[in-house]
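Let the hints inform the model, and build the full structure from the sequences given.
Here are the chains, one letter per residue:
2 protein chains.
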Amino acid sequence: MASSQSAKYLSGDASAINDFLDKFDTFLIDCDGVLWSGDHLFEGIPQTIDLLRSRGKRTVFVTNNSTKSRAEYTKKFAAKGISCNEEDVFGSSYSAAVYINRIMKLPAPRNKVFVLGEVGIETELQAENVPFIGGTDPALRRDITDADFAGLADGSLLDPDVGVVLAGLDYHINYLKLATAYQYLRRGAKFLATNTDSTLPSHHAFFPGAGSCLIPLTNMIRQEPLALGKPSQAMMDAVEGKFQLDRSRTCMIGDRLNTDILFGVEGKLGGTLAVLTGVNKKADWEANEAPARPAYYVDGLADLLAVTK
Amino acid sequence: MASSQSAKYLSGDASAINDFLDKFDTFLIDCDGVLWSGDHLFEGIPQTIDLLRSRGKRTVFVTNNSTKSRAEYTKKFAAKGISCNEEDVFGSSYSAAVYINRIMKLPAPRNKVFVLGEVGIETELQAENVPFIGGTDPALRRDITDADFAGLADGSLLDPDVGVVLAGLDYHINYLKLATAYQYLRRGAKFLATNTDSTLPSHHAFFPGAGSCLIPLTNMIRQEPLALGKPSQAMMDAVEGKFQLDRSRTCMIGDRLNTDILFGVEGKLGGTLAVLTGVNKKADWEANEAPARPAYYVDGLADLLAVTK
Numbered sequence: 000m001a002s003s004q005s006a007k008y009l010s011g012d013a014s015a016i017n018d019f020l021d022k023f024d025t026f027l028i029d030c031d032g033v034l035w036s037g038d039h040l041f042e043g044i045p046q047t048i049d050l051l052r053s054r055g056k057r058t059v060f061v062t063n064n065s066t067k068s069r070a071e072y073t074k075k076f077a078a079k080g081i082s083c084n085e086e087d088v089f090g091s092s093y094s095a096a097v098y099i100n101r102i103m104k105l106p107a108p109r110n111k112v113f114v115l116g117e118v119g120i121e122t123e124l125q126a127e128n129v130p131f132i133g134g135t136d137p138a139l140r141r142d143i144t145d146a147d148f149a150g151l152a153d154g155s156l157l158d159p160d161v162g163v164v165l166a167g168l169d170y171h172i173n174y175l176k177l178a179t180a181y182q183y184l185r186r187g188a189k190f191l192a193t194n195t196d197s198t199l200p201s202h203h204a205f206f207p208g209a210g211s212c213l214i215p216l217t218n219m220i221r222q223e224p225l226a227l228g229k230p231s232q233a234m235m236d237a238v239e240g241k242f243q244l245d246r247s248r249t250c251m252i253g254d255r256l257n258t259d260i261l262f263g264v265e266g267k268l269g270g271t272l273a274v275l276t277g278v279n280k281k282a283d284w285e286a287n288e289a290p291a292r293p294a295y296y297v298d299g300l301a302d303l304l305a306v307t308k
Numbered sequence: 000m001a002s003s004q005s006a007k008y009l010s011g012d013a014s015a016i017n018d019f020l021d022k023f024d025t026f027l028i029d030c031d032g033v034l035w036s037g038d039h040l041f042e043g044i045p046q047t048i049d050l051l052r053s054r055g056k057r058t059v060f061v062t063n064n065s066t067k068s069r070a071e072y073t074k075k076f077a078a079k080g081i082s083c084n085e086e087d088v089f090g091s092s093y094s095a096a097v098y099i100n101r102i103m104k105l106p107a108p109r110n111k112v113f114v115l116g117e118v119g120i121e122t123e124l125q126a127e128n129v130p131f132i133g134g135t136d137p138a139l140r141r142d143i144t145d146a147d148f149a150g151l152a153d154g155s156l157l158d159p160d161v162g163v164v165l166a167g168l169d170y171h172i173n174y175l176k177l178a179t180a181y182q183y184l185r186r187g188a189k190f191l192a193t194n195t196d197s198t199l200p201s202h203h204a205f206f207p208g209a210g211s212c213l214i215p216l217t218n219m220i221r222q223e224p225l226a227l228g229k230p231s232q233a234m235m236d237a238v239e240g241k242f243q244l245d246r247s248r249t250c251m252i253g254d255r256l257n258t259d260i261l262f263g264v265e266g267k268l269g270g271t272l273a274v275l276t277g278v279n280k281k282a283d284w285e286a287n288e289a290p291a292r293p294a295y296y297v298d299g300l301a302d303l304l305a306v307t308k
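Taken in order, these protein sequences are the chains called V and L. According to numbering that gives the first Met the number 0, the first sequence is numbered sequentially starting from 0. According to numbering that gives the first Met the number 0, the second sequence is numbered sequentially starting from 0.
Bear in mind the hints are in silico, worked out from the structure with no lab data behind them. As the structure is a prediction and not an experimental result, all values here were calculated from the model. Hints are supplied without guarantee of correctness; some may be wrong.
Identical chains blur together in the list; that is why a pair holds if it fits in one copy or across any two.
[Said to hold, decoys possible] Within a straight-line C-alpha distance of at most 20 Å, the following computed EDC-like cross-link-like pairs (lysine to aspartate or glutamate) qualify:
(1) 281 to 142
(2) 74 to 145
(3) 308 to 71
(4) 267 to 147
(5) 79 to 145
(6) 75 to 145
(7) 189 to 42
(8) 280 to 298
(9) 241 to 38
(10) 79 to 18
(11) 22 to 147
(12) 56 to 245
(13) 56 to 127
(14) 104 to 24
(15) 7 to 298
(16) 280 to 85
(17) 281 to 21
Right under this line is the structure:
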């Protein structure tokens, strides 16, 4: 490795952390794997967020997790002792809803969305006044029947107004939903994804992520979805537009090279900080085929607290 | 297209069909998309099978559909008016069970299989005396809970004797099963698939196939399964061994270029016959990137009956 490519290690070095903090006004912060793993909050996180704010930094939580709306995220933050309002959260569900409503602007009546995902997607679509079906509808949470096969095949069970399939993490994925989404895609619906993370860090382990819930559809139609979460620069443009940030004074903090760090590098932000509490480790960005390399790294985000000791 | 690459069209040409039949002693025949689509039997199929047998041909039904065992397939054939015994059927579930039991020969106690799939796989594993869990177990046909997340993450819900994950078409696929299979794979279980067809033809339409049920696992572990169905030559070797056939006098009949026709071409069979009643059409094998090209084709298998008229 050329030393110019090496990420600077900040843990335990208060002076280096102070220099790092001085370079930025805004921190875009990933949640899963950085603040917590599933329901387990990492030690010192609320104090670290307070530190950043006490130094006058803006903190924006940028998450690919589509299962929660911004309002639900705000509640989770409060429960974990991190003060935060809805405007500080930018999720992939919100990003997708904004894209559908303000960029795609589908003409009625073929402007309905079939959702493969959880309530977070539904809430953000509602907030943007986008009509949808599927999602958490209990009518789809069951085994497929012969009548379903027949009605999906001849189209009689399909809503002719569906023009988009929006897929994300779905804890209730099943054959009926996949078969239904596939029929809409075969009939020309646009294929969008909140994000395509293959795994979801939770309980100090990994579980199927949004990308693994929707890849059966990609496999069947042989076409990738347009992803509206990190590292999509459509999301970066939306974040920049909303928060009016100076990219050169903004740092992306995250645990994944192929989403968080790539998002910051491709967005030409002033810096990127990797944490080792989630998916990727140092060896991953030192590998030749690394999708992106961070400028800085710490063992855990709370290591930034060294400047207060 | 060079004429030497062109598939010979047999429909309506009794003389050409007679010449074709004379070249072969054994016909390996795909089922879905050739004999039927889902529960819809194509016209003239029982008579066509009778024709082949009346000419002294051996007919072997070689199917990637893993949801039925050979015994269940035999019942389906009888219900459709096609006489057939269990020994005439060679399915991907049987192929996988034979591979696990006779080729892998896993040492006990780590010789248990976690099944992602239907009863057809279970029946064939039982027939080969391979221990298994998962599959149609009702305990896994439910939503994932917090206790599941915790127990899968720390391994307490996992069976330490599982050494193989065998995946196929699963009409009851869900998040809990995918998360469980993934944990076994992360702990070093071998990844096998009955087949990797992306779609399943049914009701004159297409539905998610085995390959689309298991691709979330491939996506998470970044490794393809060893597939035991067509076009895997492990299956061809098993078919050849069981039926003692002369490959030069054997013809594969199927609707899919990337499974059936490729299976026959790579197996160096004497011939391949494509039918247009399933997935692929003539334009598919005339395309530059065609995965394989048939030697002969008919609109439907029953067109062979022209020699009797």
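Going down the list of hints, with the structure as the test:
no.	hint	result
1	281 to 142	neither (44 Å within a copy, 35 Å between copies)
2	74 to 145	between (42 Å within a copy, 19 Å between copies)
3	308 to 71	neither (34 Å within a copy, 71 Å between copies)
4	267 to 147	neither (48 Å within a copy, 40 Å between copies)
5	79 to 145	between (46 Å within a copy, 18 Å between copies)
6	75 to 145	between (41 Å within a copy, 16 Å between copies)
7	189 to 42	neither (42 Å within a copy, 37 Å between copies)
8	280 to 298	within (9 Å within a copy, 56 Å between copies)
9	241 to 38	neither (29 Å within a copy, 54 Å between copies)
10	79 to 18	neither (29 Å within a copy, 77 Å between copies)
11	22 to 147	neither (58 Å within a copy, 43 Å between copies)
12	56 to 245	within (12 Å within a copy, 76 Å between copies)
13	56 to 127	neither (29 Å within a copy, 65 Å between copies)
14	104 to 24	neither (34 Å within a copy, 61 Å between copies)
15	7 to 298	within (12 Å within a copy, 65 Å between copies)
16	280 to 85	neither (31 Å within a copy, 53 Å between copies)
17	281 to 21	neither (24 Å within a copy, 65 Å between copies)
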